[in-house]
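Residue numbers (the numbering used here), protein chains in the order written: chain A, 147 to 424; chain B, 6 to 125; chain C, 54 to 452; chain D, 1249 to 1411.
Source of the hints: derived by calculation from the structure; they are not laboratory data.
Note that the Cβ used here is the ideal one computed from N, Cα and C, for glycine as well.
There's no promise every hint is true.
[What the hints assert, rightly or not] For lysine-lysine, the following PhoX-like pairs were computed, each having C-alpha atoms within a straight-line distance of at most 20 Å:
1. C:Lys404 <-> C:Lys127
2. C:Lys249 <-> D:Lys1308
3. C:Lys259 <-> C:Lys249
4. D:Lys1308 <-> C:Lys404
5. A:Lys168 <-> B:Lys39
[To be verified] The following label-pair restraints were derived from C-beta to C-beta distances:
6. B:Val70 <-> C:Ser269: 24 to 30 Å
7. C:Leu244 <-> A:Arg184: 50 to 56 Å
8. A:Gly322 <-> B:Asn90: 24 to 30 Å
9. D:Ala1347 <-> B:Tyr67: 54 to 60 Å
10. C:Asp255 <-> D:Ser1250: 25 to 31 Å
11. C:Lys270 <-> A:Gly322: 56 to 62 Å
12. D:Gly1379 <-> C:Arg351: 49 to 55 Å
13. D:Gly1379 <-> A:Ser193: 46 to 52 Å
14. D:Ala1310 <-> C:Gly161: 42 to 48 Å
15. A:Gly322 <-> B:Ser25: 33 to 39 Å
16. B:Val70 <-> C:Glu319: 40 to 46 Å
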Amino acid sequence: MAMKDNSALTPGLAFDQPLLEKIESVPGLDVLVGSLERLMNWASTNSFFVFPMATSCCGIELMTVATGRFDVDRMGAVIRATPRHCDVMVVAGTITVKMAPRVKKLWDQMPEPKWCIAMGSCAISGDFYRDIYSVVPGIDTFLPVDVYIPGCPPNPDALYGGLMRLQDKIRARQAGTFEPREARPETAKMILPAVKRLEDGDRDPLLSQAQLAAAMGIGLNGRELHSHEQVVAVGNLAIGRNVLAAAYPQSDVEPVQEPAPQAKAEAVGGAEAAAEAP
Amino acid sequence: MTDQWIPAVVFLILAGIISSAMLIANAILGVRAKITPPDKLDTYECGEEPDGAAWIRFHPRYYLVALVFVVFDVEAAFLLPWALNIRGFGYWALVEMGAFLAILLLGWWYAVRKGALRWQ
Amino acid sequence: MTFSCLQPPPLPDPHIDLDAYEAGADLMVLNLGPQHPSTHGVFRIKLVLDGEIIVKAVSYPGYLHRGVEKLFEKLTYAQVTPIVDKNDYLSPMINEQAINMVFEAGLGIEVPRRARWMRTIIAELQRIASHLVAIGTFVLDVGGAIGGGASVFMYTFRERELILDIFEELTGARFHYNTHQVGGQRHDVPLGWDVKIRAAMDSIEKSMDLYDTLTSKNGIFRGRSLGVGVLGRDLALQLGLNGPVGRASGIDLDLRRDAPYHLYGELDVQVPVLTEGDCLARFRMRALEVRESIRLIRILLEDVPEGPIAALKPSKGPTAVKLKDGQWYVGVESPRGELGHYLIASAGANKGMSPYRLKIRPPSLHLVSLVPWLLPGNSLSDAIAILGSLDPVMGEVDR
Amino acid sequence: MSPDLSAALTGLLGTDSVVNCGMIVPNNLHLPLATLLRDRGYTCYVTVCASHWPAQPALKGAPATEEHFEVATVLRDPTRRDAAHPDGSQTFSWRVSLAPGEAIASLTSLFAGADWQEREQYDLVGVHFAGHPDLRRLMMDEDWPGHPLRRDYAIDTPHAPWR
Chain A
147 MAMKDNSALT PGLAFDQPLL EKIESVPGLD VLVGSLERLM NWASTNSFFV
197 FPMATSCCGI ELMTVATGRF DVDRMGAVIR ATPRHCDVMV VAGTITVKMA
247 PRVKKLWDQM PEPKWCIAMG SCAISGDFYR DIYSVVPGID TFLPVDVYIP
297 GCPPNPDALY GGLMRLQDKI RARQAGTFEP REARPETAKM ILPAVKRLED
347 GDRDPLLSQA QLAAAMGIGL NGRELHSHEQ VVAVGNLAIG RNVLAAAYPQ
397 SDVEPVQEPA PQAKAEAVGG AEAAAEAP
Chain B
6 MTDQWIPAVV FLILAGIISS AMLIANAILG VRAKITPPDK LDTYECGEEP
56 DGAAWIRFHP RYYLVALVFV VFDVEAAFLL PWALNIRGFG YWALVEMGAF
106 LAILLLGWWY AVRKGALRWQ
Chain C
54 MTFSCLQPPP LPDPHIDLDA YEAGADLMVL NLGPQHPSTH GVFRIKLVLD
104 GEIIVKAVSY PGYLHRGVEK LFEKLTYAQV TPIVDKNDYL SPMINEQAIN
154 MVFEAGLGIE VPRRARWMRT IIAELQRIAS HLVAIGTFVL DVGGAIGGGA
204 SVFMYTFRER ELILDIFEEL TGARFHYNTH QVGGQRHDVP LGWDVKIRAA
254 MDSIEKSMDL YDTLTSKNGI FRGRSLGVGV LGRDLALQLG LNGPVGRASG
304 IDLDLRRDAP YHLYGELDVQ VPVLTEGDCL ARFRMRALEV RESIRLIRIL
354 LEDVPEGPIA ALKPSKGPTA VKLKDGQWYV GVESPRGELG HYLIASAGAN
404 KGMSPYRLKI RPPSLHLVSL VPWLLPGNSL SDAIAILGSL DPVMGEVDR
Chain D
1249 MSPDLSAALT GLLGTDSVVN CGMIVPNNLH LPLATLLRDR GYTCYVTVCA
1299 SHWPAQPALK GAPATEEHFE VATVLRDPTR RDAAHPDGSQ TFSWRVSLAP
1349 GEAIASLTSL FAGADWQERE QYDLVGVHFA GHPDLRRLMM DEDWPGHPLR
1399 RDYAIDTPHA PWR
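Could you put together the complete structure from these sequences and hints?
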């Protein structure tokens, strides 16, 4: 069915609200839209149904948040085990290459409006496992992440902080006053990780450049990905065979462009050259 | 004679309107995703590709369990109107409902002894 | 009252091929998949069901394989400890101790008495915390999140918080402590630590009685765990299960008593052994072990040895420890069974600073390899109870 | 070491001086030794550890070695430590060195626990176990290229910038 792209009302969102549009179109009633939107925001932010994508240690901290001492029910959040009933997916733990397509499938099976929280440094960047052959370096290579909660494991108070950060983000986004995180210039030059990397002879450089391009496109320099611009597997990502790209067709939204392909080329070249010359 | 049935007809019409209104409103005004991913409508099987057909001949034992459930569901349906206006009936209604429940308890005990609920 | 029909089913052959089964049966394939609340982590079982009865269970681990043994080839001996924390994330302290004991066996150094005392008391505290999680999740699996099972789950996690506070006071972290190093400990015992431990032990002992009354007299709990998933003694031995699951099936083996390390030689560890081998026996075994650990901790708190807490100076850089060629195996009693490490050290690997090959023997891998043996013949709801009673930790299975 | 065990060992291997984790056993004696040990009390299967040793040029003092694999097996006898057996439960481990591509006998016929451990060693190091009921990959996907724990498999792959 042809999707009328009425994203004027909901600029950065992956869902649109026909109710608001209908009310907006009636001449007299559009004064109601603001308060109605605030009511719907109040309802959705204060009743998160958390989908626990718990794979390893952070999953135990997620369970601890559900129990008596750090009761997450105080925020109205309930941990439900089926994707069909949930609207916040908390990815807690290391996501391996074998698990990534499953997490992607579960994310697709969740109804809109949905948000994603990367809990723990394994989900954010793969932590010290990120160079291992079987670990996905951070879930934002294949999922649009809204809130990152650092820590290994982040204690339950940090998870509370993350949920509240998500609430603020939802309110700001709905009200249209959300401006993406400005790129902190000093992090741009941290191209080479501090620990010297062993070179892998038979890994073709295209793979690394594609991964660099995908990672560069996300948040670090400027436009943060909106949740409806699903992350497209640019080229041949580091995730084993290109399972995710096959399972996920090219989205009709224009793909993530690199701001200055020329400037970045030698940055990438520089990274490769520096990596080769130990 | 016909005027006895007017409340029932009104009740039916109201039920039809309310249920269809809810369905239609949801279809028109409900929140909708801009891009529906391909395997959104797959059956949820813990993240795995569901393999094997579900269109198989199921065991008759499931039918037995469904029967026992229907019996006690209907019992609950009878309890509800009785409990709502028990004040008007006086004590005799209590005894009658007690007898009704006793008979159904007998039925439940028979089902358990015959092992209808247990998977032989 | 025990239900008469709960006699253990005969042990079916796990590698059954399906057409040998009743030919005309319509079998349904169901995935008890990677993301499922009762699989205690990411572990997939493909169940072939005939109605409610499981005909065949094929299990697929590996969803959390983080290549830890490959990572060891790059890290030096001092850097390995925080990595091993993340394997069995329900008892991180015991992982750290096991790995550092195999390095100390390689180096041949002797850990000072105070450090060994601290390791013993930390190991018992961690065993209680891990068993509390196991008790809570098993009752949650059997009783159901809404059907009353969650109450014991809430109580056990409240008790576990007491122990996490004790560890937080010692090391500063709730979880993943990195407090052990080659040759001893990194953090010394804080003031008033023993007062806190005694208070925690009293409250845990009181709540253990509460759990017993909540479960042993509950008809549904007994009905779902009595006589379910019976594990024979010889199969348990063959599979190498010498933890609580093995002891619930009659194997009288506990490495704390039979191959003593730390200060266990001086404590006479009373090892409870049950013979029924069903889910209820495994559950009661863990409750008995918590009481035994509480008793041991109270004995240990009597006299606290003085002296240094580490044989080597705390390793400044990661390069302080070097091992010559050789191979060693050291096994430790973890809350799930024998946690062992097979270390192959060689001067060639990173000039002797990294282990050449370090194989971890995870007890949970043997618990999970029980699935094809135990599940066929049981109903689907019993499968959830059996998995809950085995209490595997997937971080340790997949490493 | 009980007397009949040392007698059986000298019968089989010609020596009973057992250096724990150090004894090299030829490939054909691997299964007989395991059977012998299991019948004499070592009934608890502990672990198997395969390691890859690439070819080494002749270093100072050390002779050149060509590429080979090593499979170490550990068994344990579950005896209780009391007055009669003062040293309690002991482990027994031996090593078998294999040329590349050579298969080693699988212990699944003796111990059910060996099934998954051997599948994992085949998956990660690439050592073939002859007589294993279904030698499939345990950890990685079925079609994963290569065996990760071999020394020539890279530890790090060049990686996107720290974020």
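Hint check:
For a cut-off of 20 Å, the pair hint linking C:Lys404 to C:Lys127 stands: about 12 Å separates their Cα positions. For the hint linking C:Lys249 to D:Lys1308, the alpha-carbon distance of about 58 Å lies beyond 20 Å, and the restraint is violated. Only pairs whose Cα atoms come within 20 Å are accepted, and C:Lys259 paired with C:Lys249 is accepted, the gap being roughly 16 Å. In summary, the hint linking D:Lys1308 to C:Lys404 is supported, as the alpha carbons are separated by about 14 Å, within the 20 Å threshold.
Proposed proximity of A:Lys168 and B:Lys39 is supported: the alpha carbons are some 17 Å apart, at most 20 Å. Between B:Val70 and C:Ser269 the Cβ separation comes to about 29 Å, which falls inside the hinted range of 24 to 30 Å. Our hint of 50 to 56 Å for C:Leu244 and A:Arg184 holds, since their Cβ atoms are close to 52 Å apart. For A:Gly322 and B:Asn90, the Cβ-Cβ distance of about 54 Å falls outside the hinted range of 24 to 30 Å, so the restraint is violated.
A C-beta distance of roughly 58 Å is found between D:Ala1347 and B:Tyr67, which places it inside the suggested range of 54 to 60 Å. A hinted range of 25 to 31 Å for the beta carbons of C:Asp255 and D:Ser1250 is inconsistent with their spacing of about 46 Å. Evaluation of the 56 to 62 Å hint for C:Lys270 and A:Gly322 yields a pass: the beta carbon distance comes to about 59 Å. One distance hint, 49 to 55 Å for the beta-carbon pair D:Gly1379 and C:Arg351, holds here, with the actual separation near 51 Å.
At roughly 58 Å, the beta-carbon separation of D:Gly1379 and A:Ser193 lies outside the given 46 to 52 Å, and the hint is violated. Checked against the hint of 42 to 48 Å, the pair D:Ala1310 and C:Gly161 fails, with Cβ atoms roughly 22 Å apart. Evaluation of the 33 to 39 Å hint for A:Gly322 and B:Ser25 yields a pass: the beta carbon distance comes to about 35 Å. In this structure, B:Val70 and C:Glu319 break the distance hint of 40 to 46 Å, their C-beta atoms being roughly 58 Å apart.
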